[in-house]
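Student: Each chain is listed here by its residues.
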Amino acid sequence: MYRYDQFDQSIVDARVEDFRDQVARRLSGAMSEDQFKPLRLMNGLYLQLHAYMLRIAVPYGTLNSRQVRMLAHIARKYDRGYGHFTTRQNLQFNWIELKDAPDILAELATVEMHTIQTSGNCIRNTTSDQYAGAAADEITDPRPWAELLRQWSSFHPEFTYLPRKFKVAIIASDEDRAAMRLHDIGVQIVRNEAGALGFKVFVGGGIGRTPMIAPLIREFLPAEHFLSYLEACLRVYNRYGRRDNIYKARIKILVHEIGAEEYARQVEEEWAHVKTLGLDPPMSEFDRIAAYFTPPAWEEGLSDDIDLSDPEFKAWVDQNIVAHKQPGYAIATISLKPVGGIPGDASAEQMEVMASLAERYSFDELRVTHAQNITLPHVKKADLYAVWQALKEAGLATANLDLISDIIACPGLDYCSLANARSIPLAQKIAERFAPLDRQRDLGELKLKISGCINACGHHHAGHIGILGVDRKGTENYQLLLGGSGAEDASLGRITGPGFDEDGVVDAIERTLDKYRAVREPGERFLDTYRRVGFEPFKEAIYG
Amino acid sequence: MVEALRYRDDSEHEEPAVTLDAFLDQTNATAVRLESDEDARALIPYLDRLALIEIAFPTFRDGRGYSAASILREAGYRGELRAAGDVLIDQVAHMRRCGFDAFAPDKPLDPAAVERAFRRYPFSYQKAEDGRAPVWALRRG
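In order, the protein sequence lines correspond to chains A and B.
Under this note's numbering, the first residue of the first sequence is numbered 2, with each subsequent residue one higher.
Under this note's numbering, the first residue of the second sequence is numbered 73, with each subsequent residue one higher.
A couple of the hints might just be wrong.
DSBU-like, lysine-lysine: derived pairs with alpha carbons at most 35 Å apart [to be verified]:
#, chain 1, residue 1, chain 2, residue 2
1, A, LYS276, A, LYS249
2, A, LYS249, B, LYS179
3, A, LYS100, A, LYS38
4, A, LYS540, A, LYS516
5, B, LYS179, A, LYS38
6, B, LYS179, A, LYS168
7, A, LYS166, B, LYS179
8, A, LYS393, A, LYS430
9, A, LYS100, A, LYS166
10, B, LYS179, A, LYS100
Here chain A is said to cover these stretches of chain B; the calculated rule only asks that three of the stretch's residues, wherever they fall, bring their Cβ under 8 Å from a Cβ of chain A [stated by the list, open to error]:
#, region
11, 126-139
12, 190-201
Calculated from the structure, these hints are not laboratory results.
Quick reminder that beta carbons are idealized off the backbone N, C-alpha and C, glycines included.
Starting from the given sequences, assemble the full structure and let the hints guide the process.
Tutor: So this is what it looks like as structure tokens:
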């Protein structure tokens, strides 16, 4: 993975001192909260219901064991012994004191980590495929491009006060594991007919109040123009994105209002000028970065056989392992969704277990997934049993990847000052209702996503089954959505009808899935059946 | 309005800045003020006769002025480029990188603190309008 050189390190170190100075001015009263707010937000520090929340950037979701151990240390020393992995592959601590924040940043800097631009109306942490560098279906590792983007977007002087936040995702396979088209900019690395590497660029996706799937605005961008083209995309947005209404300020609204074609035309016009300015680094800089992402020293000639005589282990292998590009290796995902747990939470002890396993069995690499799990990208198949046993001991061996209990949930009203309803207790209730693993496996791939308000941090629009918590006359009410997808077949869910209370929505999900089991054809996922038979049969099953 | 902080060698321009509309109507004006929603490119045909362009920041959160400044510098403007309005210590370094070389803040800034802000970050990742070599160029030695 990427390692900082003296330049990267000195920039991150300068940021620590910059923020230390800002916090001191705030604590002394020299700076108002209004002036401090955008500065702390650009350092990932939010004021939540009960305390400050600190969001730490995990660039494109990649971590090494030393970094994870540092996160565990911070959880113990400054928080309550746990952390929360997010849908943007980052990590949040929920119980931080303002006075400690500069020290935490200083500790993070010692392991090449930071909180730069994890909030605020700027370019946020770039996300990517959690299987990058290991996936059998990728055309190249997308992370060197993501790192190039991280550097370009860090402290970009022109794009630090955008109309609204700005999120970029980059992938390199046809299967989309990063919800790429639900980002402000989604990039897919492709090869053209001549075999040259380049990018398909999608602009104007997003979830939130006004969910949109990003339209394609450029079929093929030659690789060497990556940054200058993005610069043009951002400049058009910075100049013409709406600033009169915070709810209409995302780029998706601009692209929607003027049309994808007109937006693309304006970008081309801007780019014709911008690309003459020498903003694109030479390919030698890309090669320098890419050298950090050369494949690890996989052993050759290993067997693909796994001893599956332990049925519990077999269930985990069947569910949580996917194909690796190298024979004899596997990609293993650690579920952070045990029944009764908080989706995405890990204790300091669990972080340390995962760090040790990565160090010993996965070439020192871990990945955070946008579904709030952790992936060990390069595990020898012969080591899987040992890995599983250690995970089981730490309460991390839940065999539910992509099943109904592998729920994405926002922090909801338990933490968040914007929320209308709680998400976590509902996620727990659903997981409990469908707890038996054979039942979950019978229901097959089912992406269930819960948001506690219309800001949609829990991606409810993109859930095969989505749940939106709202406030109805002072009580929590849950709307049900069906048919969304954040994958390559991206679609937005449709609201079924009147909402439910907490138990009611769990019952409604059960009726939905009973219907699915009654009408499905062999091999069909819930989403496939829904798309084939349509909305009405399910609506009828739910409301009678 | 407090006195502008200037980071230029020439002496301060005497003529007051006029609005964009007034400027476009006058053939001899040499100073103009651009509001945050006005198009900087409208000035490109006249850059040769302009000595001062003032760009308004009605609130520090309105970042359009950064693009306006970059566009004017990219087009070859070498006169004074002044950020006016809600200009705070924590934004001046980015403004400078986008080509601003004068600041007219609503509330006075400590010149020493401004200097510190300019020097705080030793390196930059992007090529911008301050002439600093980006990190990727420094890495090549």
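Student: Please go over all the hints and tell whether each is borne out by the structure.
Tutor: Hint check results:
no.: 1; hint: A:LYS276 - A:LYS249; verdict: holds (29 Å)
no.: 2; hint: A:LYS249 - B:LYS179; verdict: holds (31 Å)
no.: 3; hint: A:LYS100 - A:LYS38; verdict: holds (15 Å)
no.: 4; hint: A:LYS540 - A:LYS516; verdict: holds (10 Å)
no.: 5; hint: B:LYS179 - A:LYS38; verdict: holds (19 Å)
no.: 6; hint: B:LYS179 - A:LYS168; verdict: holds (33 Å)
no.: 7; hint: A:LYS166 - B:LYS179; verdict: holds (28 Å)
no.: 8; hint: A:LYS393 - A:LYS430; verdict: holds (23 Å)
no.: 9; hint: A:LYS100 - A:LYS166; verdict: holds (26 Å)
no.: 10; hint: B:LYS179 - A:LYS100; verdict: holds (27 Å)
no.: 11; hint: 126-139; verdict: holds (count 7)
no.: 12; hint: 190-201; verdict: holds (count 9)
Checked against the numbered hints above, the structure breaks none of them.
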